[in-house]
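Asker: For reference, the chains in residue letters:
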Amino acid sequence: MAFLHAAGSKVSSLKEKRSLLPYLLLAPGIIWLFTFFVLPIANLARTSTQTPTANGDTGSYEQTYRFANYIDAFLENKEQFSRSFIYAFLATVLALAIAYPLAYGIAFKSGKYKNLLLVLVVAPFFTSFLLRTIAWKQILGEEGPVIAILRGIHIIGDNTSLTASAFAVVTGMTYNFLPFMTLPLYASLERIDPRTMEAAGDLYANAFTTFRKVTVPLSMPGVVAGTLLTFIPAAGDYVNAAILGNPNTKMLGNVIESRFFKIVDYPTAAALSFTLMAAILILVTIYIRKAGTEELV
Amino acid sequence: MADASSSTRGDLRIVDVTKSFGDFTAVDDLTLTIPEGSFFALLGPSGCGKTTTLRMIAGLEEPTQGSIHIGNTDITHTRPYQRPVNTVFQNYALFPHLSIFENIAFGLRRRGIKDVKEAVDKVLNLVELPHLAQRKPVQLSGGQQQRIALARAIVNRPALLLLDEPLGALDLKLRRQMQIELKWIQTEVGITFVHVTHDQEEAMTMADTIAVMNEGKVEQMGTPADLYDNPKTAFVANFLGQSNLIEGRIDGNDGDNFVVDVFGQKIKINKNRSHAKDSSVLAGVRPEKIRIQPAGTAMSGNVLTGGVISDASYIGVSTQYQVEMPWKQELMVFEQNDEGGQPLEKGDAVTLSWEPVFTFALDGREDAFAGSEVHADEQ
Numbered sequence: 001m002a003f004l005h006a007a008g009s010k011v012s013s014l015k016e017k018r019s020l021l022p023y024l025l026l027a028p029g030i031i032w033l034f035t036f037f038v039l040p041i042a043n044l045a046r047t048s049t050q051t052p053t054a055n056g057d058t059g060s061y062e063q064t065y066r067f068a069n070y071i072d073a074f075l076e077n078k079e080q081f082s083r084s085f086i087y088a089f090l091a092t093v094l095a096l097a098i099a100y101p102l103a104y105g106i107a108f109k110s111g112k113y114k115n116l117l118l119v120l121v122v123a124p125f126f127t128s129f130l131l132r133t134i135a136w137k138q139i140l141g142e143e144g145p146v147i148a149i150l151r152g153i154h155i156i157g158d159n160t161s162l163t164a165s166a167f168a169v170v171t172g173m174t175y176n177f178l179p180f181m182t183l184p185l186y187a188s189l190e191r192i193d194p195r196t197m198e199a200a201g202d203l204y205a206n207a208f209t210t211f212r213k214v215t216v217p218l219s220m221p222g223v224v225a226g227t228l229l230t231f232i233p234a235a236g237d238y239v240n241a242a243i244l245g246n247p248n249t250k251m252l253g254n255v256i257e258s259r260f261f262k263i264v265d266y267p268t269a270a271a272l273s274f275t276l277m278a279a280i281l282i283l284v285t286i287y288i289r290k291a292g293t294e295e296l297v
Numbered sequence: 298m299a300d301a302s303s304s305t306r307g308d309l310r311i312v313d314v315t316k317s318f319g320d321f322t323a324v325d326d327l328t329l330t331i332p333e334g335s336f337f338a339l340l341g342p343s344g345c346g347k348t349t350t351l352r353m354i355a356g357l358e359e360p361t362q363g364s365i366h367i368g369n370t371d372i373t374h375t376r377p378y379q380r381p382v383n384t385v386f387q388n389y390a391l392f393p394h395l396s397i398f399e400n401i402a403f404g405l406r407r408r409g410i411k412d413v414k415e416a417v418d419k420v421l422n423l424v425e426l427p428h429l430a431q432r433k434p435v436q437l438s439g440g441q442q443q444r445i446a447l448a449r450a451i452v453n454r455p456a457l458l459l460l461d462e463p464l465g466a467l468d469l470k471l472r473r474q475m476q477i478e479l480k481w482i483q484t485e486v487g488i489t490f491v492h493v494t495h496d497q498e499e500a501m502t503m504a505d506t507i508a509v510m511n512e513g514k515v516e517q518m519g520t521p522a523d524l525y526d527n528p529k530t531a532f533v534a535n536f537l538g539q540s541n542l543i544e545g546r547i548d549g550n551d552g553d554n555f556v557v558d559v560f561g562q563k564i565k566i567n568k569n570r571s572h573a574k575d576s577s578v579l580a581g582v583r584p585e586k587i588r589i590q591p592a593g594t595a596m597s598g599n600v601l602t603g604g605v606i607s608d609a610s611y612i613g614v615s616t617q618y619q620v621e622m623p624w625k626q627e628l629m630v631f632e633q634n635d636e637g638g639q640p641l642e643k644g645d646a647v648t649l650s651w652e653p654v655f656t657f658a659l660d661g662r663e664d665a666f667a668g669s670e671v672h673a674d675e676q
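Chains A and B, in that order, give the protein sequences.
Residues 1 to 297, numbered by the working numbering, are exactly what the first sequence covers, in order.
Residues 298 to 676, numbered by the working numbering, are exactly what the second sequence covers, in order.
The shape of chain A in the complex, shown without the other chains (with noise of 0.2 Å):
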């Protein structure tokens, strides 16, 4: 009895420490979101609501739960707010545009090619994010070939320029986040089952329906990821608009970037970095709902 009794309490304790180890394995991870997301966020919201202090130091703050702070900075910066969400959205159109038949060809039409291609769909990432986006300030240039063959064809004018305006920001947020859109959609166009589009060519689809009916609906997956990995981080740069805009481009990480670290105003800062937070997840919430892609993905 004794002994059956010392086997039981054993297998009981190694039940306790397999229960155990899941959260061991999840450990670090919780660790370390809670040192670096949890604890700033905290510390961003108390901010959120502070006001000087009353002997007028710069930089000097006290709670007083002023909420009034984010209808202030809202109002304040209303037009960079609505610029960097028609920004974001057009730098995502534009990126899908170009990334969908690039990653088709990948997936569908390049052989043996494949695998340097997608290399070739990273390689940008070989070098920093900073140094591509002033390349990119010297692609659009007065002395660069863009500039130089529109002007030779007629598109632009002589005295237009390219730099320093909206079409460069968006163009640069464009090619920056080409790859974050292009990946998640080849990775989608990939796992599509060939004989599906050849069912439906054998159902009388031509190759147009066949795209639209078969193709596009298996890629939505890709699309719904790309988009989002390509809108969110688009919505709150600053970088592009920094090297590649002028004032009137001005983006609401440029305004956020400004009130922390030159005004030092740090409620309206915070306050405008919890209303982009929280827009971006309510449009995200509402485009994933609408896409409907959840049985698929």
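In case anyone wonders, no lab produced these hints; they're calculated from the structure.
Certain hints may be false.
As the list claims (entries may be wrong) - Simulated crosslink set (PhoX-like; lysine-lysine; CA at most 20 Å straight-line):
| hint | chain 1 | residue 1 | chain 2 | residue 2 |
| --- | --- | --- | --- | --- |
| 1 | A | Lys213 | B | Lys529 |
| 2 | A | Lys290 | A | Lys213 |
| 3 | B | Lys480 | B | Lys470 |
| 4 | B | Lys568 | B | Lys586 |
| 5 | B | Lys574 | B | Lys529 |
| 6 | A | Lys213 | B | Lys574 |
To be verified - Distance ranges between label pairs, derived from CB positions:
| hint | chain 1 | residue 1 | chain 2 | residue 2 | range |
| --- | --- | --- | --- | --- | --- |
| 7 | A | Met220 | B | Ser343 | 46 to 56 Å |
| 8 | A | Phe37 | B | Lys470 | 49 to 59 Å |
| 9 | B | Ser343 | A | Phe37 | 53 to 63 Å |
| 10 | B | Gln474 | A | Val38 | 35 to 45 Å |
| 11 | A | Pro22 | B | Arg376 | 48 to 58 Å |
| 12 | B | Gln474 | A | Asp193 | 23 to 33 Å |
| 13 | A | Ala148 | B | Ser343 | 22 to 32 Å |
Unchecked claim - Far from chain B by the CB rule (all over 10 Å, computed), these chain A residues:
| hint | residue |
| --- | --- |
| 14 | Phe34 |
| 15 | Phe37 |
| 16 | Ser60 |
| 17 | Glu62 |
| 18 | Asn115 |
| 19 | Leu131 |
| 20 | Ile155 |
| 21 | Asn246 |
Because the structure is a prediction, the values reported are computed rather than measured.
Positions of the beta carbon are idealized from the N, C-alpha and C atoms, including for glycine.
With chain A held as given, fit chain B onto it using these hints.
Answerer: Chain B in isolation, oriented as in the chain A frame:
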């Protein structure tokens, strides 16, 4: 857009079709007529060109040479969606994003038919799965998906239905059941079925006519019984069931029969069942046609003496014997266990006999093992 329901009807004719991929000739100067309304099987090992043939009929591959016709219409260079042909794909290729109803309605909608409900319901009833209309393909079992793939094709009433190894992914029991069901459905709808398979049993169960393909050519075409009882080549003799092929020489005539000398013993072969080109032959007989008795028993018909049982395995309905003959060849004998008495054992001396009508003769220069290795690979 092709009106699959009426315009193009008739026999399928494949005329002098060759298909090459680079240096490799997948289909080699194939000519074949498949009568309207028949259940036709293209049978052969993998790589024999049967799937390529099917894909050319479907329009998924273009012949390098030759032409394909349905009735009087040349369809060689038309696009797949312009042909009155539908395919049941290997692994079914159902559209994962569409419901079962929409999968089946796909072809009807593409042809601009507005009211699809009646046709879809009817075909769902035919495959006995009306309750699954609103499900998605992933929610169905393999057997159910198979039936939906069939329904999705036949709802269009094509002139020709192509089946590419349709039962390959199912387990044995389900496969047997589906074989009977497919045959029944074909009779019911009266559409020409062209069925590609490497499974000889599947082909024999379902098809009216079988074309046995090997290396891009048709080895022999005929009814299942024809092919089994009177194979023309060693490949067919070995690929369709099992055969004993014994080297011999034609030694004389006896009425309708040739007298053939096999290692000193004489057997008879009906002249109609001889495909020999000269006096050198391979005399063939199926294992289950042979009777086996202890040595010294008087026997009639074609008799071979001097055998010794080298292996006997009892498998319920029959016993399979390997008998070593004086010329060192092992012959197979399947004996029904319907007589009782003392079973024969390994080492027993035996005499073999069979009725001359069961003998066939092949060209003596053929490889006696052609088709038997591929069989072992695939089964």
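Asker: Could you tell me which of the numbered hints above are not met by this structure, giving the numbers in increasing order?
Answerer: 1, 6, 7, 10 and 13
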